[in-house]
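These protein sequences, in sequence, are chains Y and E. Final position of the first sequence in my numbering is 68; the numbers increase by one with none missing. Final position of the second sequence in my numbering is 1401; the numbers increase by one with none missing.
Calculated directly from the structure, the hints in this document are not laboratory data. Predicted model only: the values in this text are computed from it and were never measured. A few of these clues could be false.
Said to hold, decoys possible - The list that follows gives simulated cross-link-like pairs (lysine-lysine, DSSO-like), each with its CA atoms no further than 27 Å apart: (1) K1325(E) <-> K12(Y); (2) K1055(E) <-> K12(Y); (3) K1055(E) <-> K1325(E); (4) K1055(E) <-> K1332(E); (5) K1055(E) <-> K1309(E).
Stated by the list, open to error - Some, not all, of what chain E presents toward chain Y, calculated at C-beta under 7 Å: (6) R1339; (7) N1340; (8) R1341; (9) F1343; (10) N1356.
Yeah, the Cβ is synthetic: ideal placement off N, Cα and C, and Gly gets one too.
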Amino acid sequence: MAVMRVHVDQEKCQGHNRCVVLAPSLFHVDDLGTAWVIGDGRVPPGQEADARLAVDNCPEYAITITDD
Amino acid sequence: MSTTTDWAADFDILDPRYILDPASIWSQLRGVCPVAQTTRYGRTWMPVEYEVIAKIAHDVEHFSSRDIAVITPNRELDPTATIMLEAPPITSDPPVHTWARRLLLPAFGPSAIDAVTPVTRDVANGLIDGVIERGEADAASDYAQHVPVRVIAQMLGVPLDDEETFTRWAVVILQEGLTNINHAIGSVMELITYFGERAAERRAVPPGERPADLLTLLVEAEVDGEPLTDRHVIGSCFLLLLAGIDTTWSAIGSSLWHLAANPEDQARLRAEPELMTTAVEEFLRFYSPVTMARYVPEDIDFEGCPMRKGDKVLMTFPAGNRDPKMFEDADKFVIDRARNRHFAFGSGIHRCLGSNLARMELRVALEEWLRRVPTFELADPDAVVWTGGQVRGPRRLPVRW
Ligand code: HEM
Ligand code: SF4
Chain Y
1 MAVMRVHVDQ EKCQGHNRCV VLAPSLFHVD DLGTAWVIGD GRVPPGQEAD
51 ARLAVDNCPE YAITITDD
Chain E
1001 MSTTTDWAAD FDILDPRYIL DPASIWSQLR GVCPVAQTTR YGRTWMPVEY
1051 EVIAKIAHDV EHFSSRDIAV ITPNRELDPT ATIMLEAPPI TSDPPVHTWA
1101 RRLLLPAFGP SAIDAVTPVT RDVANGLIDG VIERGEADAA SDYAQHVPVR
1151 VIAQMLGVPL DDEETFTRWA VVILQEGLTN INHAIGSVME LITYFGERAA
1201 ERRAVPPGER PADLLTLLVE AEVDGEPLTD RHVIGSCFLL LLAGIDTTWS
1251 AIGSSLWHLA ANPEDQARLR AEPELMTTAV EEFLRFYSPV TMARYVPEDI
1301 DFEGCPMRKG DKVLMTFPAG NRDPKMFEDA DKFVIDRARN RHFAFGSGIH
1351 RCLGSNLARM ELRVALEEWL RRVPTFELAD PDAVVWTGGQ VRGPRRLPVR
1401 W
């Protein structure tokens, strides 16, 4: 079965923090406001919609989703 | 002042019609001229499409932050005129911007903001205590106005007793300063003296005994082994104090205006408090309070516009937030809008440093108001007064319950 993964491009991320609010179990931000995926970015079943919401609300287009 | 008839070639952001209902002007422009211009107050361009505004915000090489005021009085006469004192990081370009911002980021990150959430709740409740028995209040001047200034004064480490002075500076410098520079200069001088004194007092306290606040952070900060200059410390204090006052006050005020004027949304938010997260983002998108500006340092042809050195470009984030190419039903307020890539806090390297703080303040101010004040409505719609320019929001907002 395909595994959905989220990725953050730290070069693009400006710390708007929208992803963390929408999907706190997938993302966290560090002290400088830069977002990182939690763990290996694998989206647990049931959280796919949250992952897509994070993508759709990031004003910097810093989040992407892949299926592997 | 002559009245604007041609918004594409001669717009005026201080025109009362623009202050009251900018969205209808943006939508009129989008079809005919996505980058409007004017020579009022010196030559200025006004993009109204999301993608164009985002592109400018990311192109810091061709669009400088050295003058971010939407209007700089006397610029037509003196192209080097600026209204602001140097206020790093907002008036800085890289490389100074990078370290000036980095130094402040941790103090405004999510965990630092969690720590001031209870303070904000107390401030909100104290204000509501003062009006709840009356059955009516001015939601702008009795409530919204006081929340951000009280919280940031505490974070900076300056006395709350000076609240009225801080608010006066914000109004005189950031609002009235657009048209009355002499008045603004007096306040800027007062502010420089004030923060110079506060910084000196703080340096006089032995290290280790200084309170953990932003003033201490600034006087102890070092860059390449050197302390910050007084000018930098004062400029950053100026920015941190003033950037959050009328901006957040406007965001809270506009949101309360919306709830008073739209009883169905008020009822829905009361019945479904879990909508607060999307509601806050929609308030920020729909009533985006802040328009910034950029300075054009070299001639450039951009999106077909011959921009010349010394021109200004407005960062019309509020217009981009109504762009139908970016948002479904862009001119409709949708309280549960799930896909909302708004940029009310800007885009790119100058993303509002205070965005986590502002969001928290907006959310807490609305939560406490809805929790304690019963269903409320506009007491007199004609008495509502909006201000505009750099920051748009209601300044008088009589409501009753
Ligand atoms: C709803 C309230 C607020 C809105 C809509 C807002 C909006 C903005 C915007 C659009 C920018 C980008 C400026 C640019 O691109 O030139 C900005 C920058 C900034 N804001 Fe806010 N702001 C708000 C509240 C606050 C608060 C509470 C603070 C607290 C101190 C603050 C501090 C700053 C600072 C320091 C910058 C400069 C960041 C930099 O240049 O790197 N703002 N704000
Ligand atoms: S929403 Fe985008 S810009 Fe904001 S923290 Fe997340 S990844 Fe970074």
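So, going through the hints one by one against the coordinates:
Distance hint between K1325(E) and K12(Y) is fulfilled; the C-alpha atoms sit about 22 Å from each other, no more than 27 Å. For the hint pairing K1055(E) with K12(Y), the CA-to-CA distance comes to about 13 Å; that is within 27 Å, so the pair holds. Restraint check for K1055(E) and K1325(E): satisfied, since their Cα atoms lie roughly 15 Å apart, inside the 27 Å limit. Taking the CA atoms of K1055(E) and K1332(E), the gap is about 25 Å. The hint holds against a cut of 27 Å.
Proximity of K1055(E) to K1309(E) is assessed by CA-CA distance (about 19 Å); at most 27 Å being required, the pair is judged to hold. Against a cut-off of 7 Å between C-beta atoms, the interface hint on R1339(E) holds, since the closest Cβ of chain Y lies about 4 Å away. The closest approach between the C-beta of N1340(E) and any C-beta of chain Y is roughly 6 Å, which is under the 7 Å cut-off, so the hint is satisfied. Residue-level restraint check for R1341(E) holds (minimum Cβ-Cβ distance to chain Y is 5 Å; threshold 7 Å).
Interface restraint check for F1343(E): the shortest CB-CB distance to chain Y comes to about 5 Å, inside 7 Å, so the restraint holds. Residue-level restraint check for N1356(E) holds (minimum Cβ-Cβ distance to chain Y is 6 Å; threshold 7 Å).
Violation of the numbered hints given earlier is absent; every hint is satisfied by the structure.
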